[in-house]
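**Student:** Okay, here's what each chain looks like letter by letter:
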Amino acid sequence: MPDTALSGLKVLEFGNLVSAPYCTKLMADLGAEVVKIEAPGVGDEARRREPFAQDKPGIERSGLYAYLNANKLSVTLDPSTAVGKKLFCELAGKVDFLVENNPPALMEGLGLTYEALEKINPMLIMTSITPFGQTGPFRNYKAYEITAYSASGYGYGSTACIREPVMPPVKAGGRPSQFSAAQVGSVASMFALFARDQIGAGQHVDVSIQEVMAGHYESAIEHWTFAANEIGGLTNPILQPMLPLECKDGWVFLMCIEDFQFDRYVEVMGNPEWATNELFKDRFSRAAYLDALWPLLTEWTMQHTKEEVFQKAQANRVPVAPAYNAEEIVNSPQLAAQHYFVEIDHPVIGKARYPGAPYTLSETPWRIERKAPLLGEHNEDIYCGWLGYTREELVKFTEIGAI
Amino acid sequence: MNKKVLEGITVADFGNAWAGPLFARSLGDMGARVIKVESLKHMDVTRLLPPWEPGKGITYNNSGYYSYMNRNKLAVQLDVSTPKGLELCKKILEISDIMVENYAFGVMKRLGLGYEDVQKVNPKIIYVSMTPFGSQGPMTNYVMYGRPQVYASGMAYTTGYPDMAPLCLPTSFGDPVATHHGLFAALSALRYRSKTGKGQFIELSQWEGLVSIQPENIMDYTLNKRIRVRQINKDEFMAPHNFYRCREGDLKWVAIAVASDEEWAALCKVMGNPEWTKDKKYADGYGRWKNQEEMDPLIEEWTLNYEQYELAEMLQKEGVAAFPCLSNRGLVEDPHLNARGFFEEWDHPEIGVKKYDGMLWKMNRTPPRVERPAPMLGEHNNYVFGELLGLPQEEIDQLVKDKILF
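Going down the list, the sequences are from chains D and X. The numbering of the first sequence is our numbering, which starts it at 216 and goes up by one. The numbering of the second sequence is our numbering, which starts it at 866 and goes up by one.
Any given hint could be a false lead.
Simulated crosslink set (EDC-like; lysine to aspartate or glutamate; CA at most 20 Å straight-line) [unchecked claim]:
1. K1060/X <-> E578/D
2. K357/D <-> E1183/X
3. K985/X <-> E1068/X
4. K357/D <-> E1068/X
Honestly, the hints are just simulated from the structure, not real lab data.
Between the sequences and the hints, there should be enough to build the whole structure, so can you do that?
**Tutor:** See below:
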């Protein structure tokens, strides 16, 4: 009987940075065996991205890489060499999933399209996660997080949150678009696995980061197609309050989409006289008179710390949250009680705390069995163990730059 | 090839708003039978959220939000707070393979629908509980939405202008992150069940989901004790890296990002190699990064001469990452999304034919599909309780009279 939910599944990852690696991390953490293909000598681009342990750059020192690639095996391979391509195809012949996030033109140039790989392994599920997907006029457009964010509506939408005239859009911290697309890729890959049981064939899963985030733009599309309401610039949210409030030592966000929540918040503030004003009688009216409402709400929060506002509001069941920073998150008693963070020991980075399981399953573990691999750490395990090459052959492959 | 991938899988959707309903929607898109359990006491909040078509009034059935989030579902309207309603609800759970809920912690248990209760009637069920903060610790019972959750998660702290309020993204972003973590876990559990026959309980904390997708922010603290702060659009190393105004007017921008000397040379070429780009301080990546505030207005002077898509095309042709900053209207009109068939149209008895955002992924052999519009409140009471669960019509009529179904 399998001890993990995904035992027995084999995954080949041919990716960089976040979208393909986070997708396969989700698989690895639930028990799939993930082999990661990296460029000889340099490896995944994430190896060269912050944060580095003790701020010292080095391809084995990136916290981003170490987080995304724990539980995986690393092999080096250059598929633009003949030997490299042969090895790639042999690996693709042995796995259930190939997850990649390369430009479609690059995969075509390498001759590693789904159409080519399906001939080698008809049961292969190939999941491609790219900025604009596999079809359409912009399929080969290049994108980094900010341009993907821009393409999804989130950039323009940010101008509605800022609420100052002519402030340019702001990208969110981190790489939320790439992580979201990775998540959708993991889900769609599982659908393809169930489909494979039914139709007896693998298939190509096409995830576009632009579509994932446009689809995650919470009814904004329908705000246009139903009501011709363009969200952004100085448009008002239709319901209020849904806004940040400044406190003595930081900020909180208050969200009352239902009237009873606002009534409770008024109680939290000690029932100020102004709250009975007809202008603030319901969620729509509060939106119409937001300019009058906002300073009144701020007057109260400025007399308290963000933690005080948070605790008082939550005691009366009002959805309020403080703007926590990384330190407050890492030291959170809630996350400690949840045993959220995991400590991983790594030969170069040393012992460090990492974000842990985003979920628990009662019968099967989410677990970290091994730290992130050193570059090419598992060449011998995979090329000799999986594919049957000798160590002498690996030396030759290395000399010609294939691995 | 027309077989539905999840044919024979039944999903009980106790979702509310976004995280839970999107979870069930995706399973429905792949052919699962989704039964959404609502009542007037516990109605999905989005039935009364915008957008609505102007002049059409507001009903329980015509919200654009509910309509796009609940396609491919059946709906029953069942008062589970009554003993008879609870009994009927358990009948639905008996025939379900997966159930999902995203209420505040403890709500389902109080209704008599906690995992222990449901497991008794269906030991093989996969029960997904999407709590705000998990089940252990002082914040367990706190109430939350996905938008303030972005504040709590640390993401807002690194988003926005340093001297202004943290920004929490223009959506309840905690929700879709929870959805897809939950879905991946549930599908993994479904695979495990197909091998072993065992169901299981999946619990996630929506807060932790958002923390899990910010390793840069969290690990800069655990590795270097650095607290990351808001710095507008400044990247770790890329520059130029910003939104620039275009010829169309005030609210039109193009995003441009340059990650290497090669891309910088390409950008300069497209700009016509103006004199200022030859300044030594922009000669390498670090110089550009350090002097980006000085450089950005110079780039914008150039972008102001062109339209958004024109700029993207000129720059992409030379290998520079650039894309228009699209509004929601811009998305609907974007030639690429349209060419890919991202949008779908379908008819709804109260709403009529409308255009919606479609599938979050594509598959060449078993594509996800829209087969039915979002259900009217209680639309499938007769089908679910009569046809699926075998209650005689008289009993259903009596239940309606007793306001157990309505």
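**Student:** Straight-line Cα separation of K357/D and E1183/X no greater than 20 Å?
**Tutor:** Holds: K357/D and E1183/X sit about 10 Å apart, inside 20 Å.
**Student:** Run the distance test for K985/X versus E1068/X: straight-line Cα separation, threshold 20 Å.
**Tutor:** holds (18 Å)
**Student:** Is K357/D within 20 Å of E1068/X, Cα to Cα?
**Tutor:** Roughly 37 Å separates the two Cα atoms, so the pair is violated.
**Student:** Can you confirm whether the C-alpha distance between K1060/X and E578/D stays at or below 20 Å?
**Tutor:** holds (13 Å)
Taken one by one, the earlier hints fail for this structure only at number 4.
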